[in-house]
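Sequence order for the protein chains is B and E.
One point on numbering: in the working numbering, the residue at position 227 of the first sequence is 227, and numbering is uninterrupted.
If you want the working numbering, it's the 1-based position in the second sequence plus 1000.
If you're looking for bench data, these hints aren't it; they were derived computationally from the structure.
If you're wondering where the values come from, they're calculated on a predicted model, not measured in any experiment.
It is possible that part of the hints are untrue.
[Said to hold, decoys possible] With a straight-line Cα cutoff of 27 Å, these simulated DSS-like cross-link-like pairs (lysine-lysine) come out: (1) 115(B) x 1160(E); (2) 1092(E) x 77(B); (3) 1285(E) x 77(B); (4) 81(B) x 1175(E).
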Amino acid sequence: MSQENIMTINNVTKMFGGIRALNKVNVEVKKGEILGLIGPNGSGKTTLFNVISGFYPATEGTIEFKGENITNLSPHKIARKGIGRTFQIVRPFGDMTVIDNVLVSGLFSGKMGVKQCRDILKTTRLIEREGDLAEMLNLAEKRRLEIARALALSPEILLLDETMAGLTHTEVDESLKMISGIRNEFGLTIILVEHVMRAIMAVSERILVLSEGTKIAEGSPKEVSENEQVLTAYLGRRV
Amino acid sequence: MSLELLAQTIINGLFIGFLFGLAGMGLTIIFGVMKIINFATGAMIMLGAYVGYWTYTYWPYSAIPGIIVSVGVGFLFGILVYQVLVRRLIGKPLLTTLLVLFGLTSILENSMLNLWSPNPRSIPIDFPTYSYGLISISTSRVFVSIMAIVATILVLAVFKYTTFGRIIRAVIQDKIAATLMGVDVNRVYTLGFSLGVTLTFLAGALLAMVYPFEPFGGLPYALMAFVVVVLGTLGNPVGCLFAGLIIGTVHSFVGSYWTLNMSPAVAYLIMIITFLLRPQGLMGKKE
């Protein structure tokens, strides 16, 4: 794993009217790392994802991806440049088959054929269900389908937004294994937002903590879990 | 009430049903993709008819070029209308769409009137008619029906098996998720709208081979197309074809056994009943 930066977030601020959802956030994302993003509800995690993927324009600041300024490009252009993401709320194309869901991004980006798309389904353990309609899948499978669709863009960075919410203990373990697996198999950089603390601590190499739109800590899982400011943000006071 | 009249009524009904189905498909694809109701459908059907008519007038050897030219012009016209007008209507209130597209209807109809006079026209192709007892089947109607079926199958095949079709289906279901897959929604809208207009033009070009038409003659067809779209489930092309055949048959029965003037009234009664009993349409799933 090199220490080269793949993405740099410089001083990004996002205002919604008078509310400061993100306040001068700076992040350097290293190529190949798994970076965890945590913070209490409403701390700006998903907003940061939305700014990176172009759904919200940044009020201030820039985002550089592989040395290129991608701030405020339209979402489909950012997706094609190699930044894939999943949604907190699953949104598969329900009336389409599992394989067709993956083919939309795979074929359209021109980067993958049917064979590669089926390989992605193997990796995400959905190959047995390739012919079923996406709406027939259970929650864990739908979440894996979200990841499979994002992978079919052959991204370099994958933004995973709470892919483990609502999953059972065993499913979370499987999901963790899969996330490290796809990082190694596809050589990806992964940023994940997660509320399941056990999960994010286990899988992330580095963790970034947001509170009320401001970055309050950054470091290894151990460092972050011992940080006073983090404990205060989560619990209200030092315990 | 003879058996022959009954058979003839059904045959005529199915035939015109294909045309209603095609026009409805044009509407339903546009609605499905971008939630815009093409209120200019009637004028576009007539424009398609005129394009077919003029092609035949200048090249009166076969019916095929008229259809091809009409389809091509429809596609380009669709891109033009989308880029100039419809692009600006996305996400705007329904009333804005209504006014702008009624405006377009007015521009189109009056331009056609000015250019080509109010005289009714029809494409004078000499198709033979076969008679079986009292039932007569004109080959022009058979030809038109086959064309409509071929067009439907083509559209469905494109939807089901091509990348473009998968992308359109993806955009219909979830625009935001499709954007994340790298889909340029504005381009899909352009192509989706032109595809819808193309089918509308095709309906016009086929209609012109069987019925006379004039600049303001599109409204009755457009009205039927709206009923077909509701009955066949919004956004569902296959449903449109079935609903087209049903409404066509009803139209024909009302004409044979009552009076053709009442046909739109009956069609709209069916639409109201659909709204009351099965608002999701024939092909829709229960919400």
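Checked hints:
1. 115(B) x 1160(E): Given pair residue 115(B), residue 1160(E) holds - Cα atoms ~18 Å apart, limit 27 Å.
2. 1092(E) x 77(B): With Cα atoms ~25 Å apart, residue 1092(E) and residue 77(B) stay inside 27 Å; holds.
3. 1285(E) x 77(B): violated (35 Å)
4. 81(B) x 1175(E): Holds. Residue 81(B) to residue 1175(E) sits at ~19 Å (cutoff 27 Å).
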